[in-house]
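Using the sequences plus the hints, can you model the full thing?
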Amino acid sequence: MKIYYFAWVRERTGRSDETVTLPEGVTTVAELIDWLKTRGPEFEFAFENERFVRAAVDQQLVSHDTSLKDVNEVAFFPPMTGG
Amino acid sequence: MKIYYFAWVRERTGRSDETVTLPEGVTTVAELIDWLKTRGPEFEFAFENERFVRAAVDQQLVSHDTSLKDVNEVAFFPPMTGG
Amino acid sequence: MKVRIQTEDFDANEECARLADGKNNIGAIVTFTGLCRDEEGRLSALELEHYPGMAEAKIQEIVEQAETRWPLQGVTVIHRVGRINPGANIVLVVTASAHRRAAFEAAEFLMDFLKTSAPFWKKEHLADTKAATETGWVSAQDADDEATKRWQLKE
Amino acid sequence: MKVRIQTEDFDANEECARLADGKNNIGAIVTFTGLCRDEEGRLSALELEHYPGMAEAKIQEIVEQAETRWPLQGVTVIHRVGRINPGANIVLVVTASAHRRAAFEAAEFLMDFLKTSAPFWKKEHLADTKAATETGWVSAQDADDEATKRWQLKE
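Residue numbers (this note's numbering), protein chains in the order written: chain A, 1 to 83; chain B, 1001 to 1083; chain C, 2001 to 2155; chain D, 3001 to 3155.
Hint data in this document are derived by calculation from the structure and do not stem from the laboratory.
Certain hints may be false.
[As the list claims (entries may be wrong)] Result set (BS3-like, lysine-lysine): computed pairs, CA atoms no more than 30 Å apart in a straight line:
{"#": "1", "chain 1": "C", "residue 1": "2023", "chain 2": "B", "residue 2": "1002"}
{"#": "2", "chain 1": "B", "residue 1": "1037", "chain 2": "C", "residue 2": "2023"}
{"#": "3", "chain 1": "A", "residue 1": "2", "chain 2": "D", "residue 2": "3122"}
[As the list claims (entries may be wrong)] Here are a few chain A residues that face chain D, going by a calculated C-beta distance under 8 Å:
{"#": "4", "residue": "56"}
{"#": "5", "residue": "77"}
{"#": "6", "residue": "82"}
{"#": "7", "residue": "83"}
These numbers were taken from a predicted model, which means no experiment stands behind them.
Even for Gly, the Cβ is constructed at its ideal location relative to N, Cα and C.
Put into structure tokens, the structure is as follows:
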């Protein structure tokens, strides 16, 4: 599965994208975040206030309890500030 | 006193402006309209539905009961349709 | 000159550039351009008449009201008069502010009041001259009066 | 192309002309231009980041909502990305309709939703680099969320 990071989430994790294989038991966005946080302090830092991190699943904004079944692409980013 | 006519009021009266000397007893816009209507069928036609004719006194939109005291300029026209 | 009445066409970009010139704190510019519709080919041209003197003063007064009500960094109003062909420009309003809401609201306010309070009149010249039995003067719209009322300040 | 994301600047007049081309029943064109404010010299530049793919799709979706809601004859949305200097353009929305109210409302609706629903992020680069201890990412504004809510359709 492809993961994208934008804005300060990208800066904190130190990467703009990566391809991961989900470990057994990771079936929702929230579980993905929990697992990512075990991968190092940069991920703990990026997700320290999870409620400030928005998630998109296959380019649709979703809540953190959304399932990752058949998902190709997940993205994490702060609230949007365009326009 | 100067009188201006615009849009269909101008077309009906057949003139865009004129200078008149107010006769004794003509002290308000309504009285001016009554007097103008005695001047010929073109004026009767222009003012046949007085409530559709707006009046401005010295370039301020006013009601027909407004006094003509010390007034230099009166204008008659239909409701505005600019913009 | 914030307010202009002219027979010539205008250039919205030029007016925006002029208005923004030397100001770096503008965050939002709204332009409104009113055009002559051809009404599916029914219309041959519009003729715009105005009351010289009063028209300029009245628009100036509306602009000052908008400037009192919203924190604007610039306002331009241009109203054309004379013969205007279908598809051509009639009126331009430009508003600039630090924030978008003020720019949007001020532009709408200006247009609503221009429609109902500034001494301009539109006459239609029809393409089919045989159909032109009416005098051709455009009637004032109740919808425009309603639009104006919504800006009344609450006590 | 109604929706574009690009690093280059845009020309509002050109976009209006393109949108109006061949249509003679447009009575009102509203443009909104969002610019980079210099915040009294505090800002050296803005950097605009976006989520390629999702950004285009999301704007397209907002445009389709506007077209469903108002009788529009044309819509254009251009959002710039990359480094943007104070005074420079960030975003352009153009709406065209037979009547002014639809053009105004649709433009405001598009801007409100662009601000809160399209995946773009702004980072500030400060003129005084010593003051730049903050990360520089612009925070989302509650006022923008409020602005978005007013478009909710009543049941």
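Here is what the structure says about each hint:
Distance restraint check for residue 2023 (chain C) and residue 1002 (chain B): the Cα-Cα separation of roughly 45 Å exceeds the 30 Å cut-off, and the hinted pair is therefore not satisfied. This hinted pair does not check out: residue 1037 (chain B) and residue 2023 (chain C) have alpha carbons roughly 56 Å apart, beyond 30 Å. For a cut-off of 30 Å, the pair hint linking residue 2 (chain A) to residue 3122 (chain D) stands: about 24 Å separates their Cα positions. The restraint placing residue 56 (chain A) at the interface with chain D holds, with a minimum CB-CB distance near 6 Å, inside the 8 Å limit.
Taking 8 Å as the C-beta contact cut-off toward chain D, the hint placing residue 77 (chain A) at the interface holds, the least distance being around 7 Å. Taking 8 Å as the C-beta cut-off, the interface hint given for residue 82 (chain A) holds, the closest approach to chain D being about 3 Å. A cut of 8 Å between beta carbons decides the hint on residue 83 (chain A): the least distance to chain D is about 4 Å, and the hint holds.
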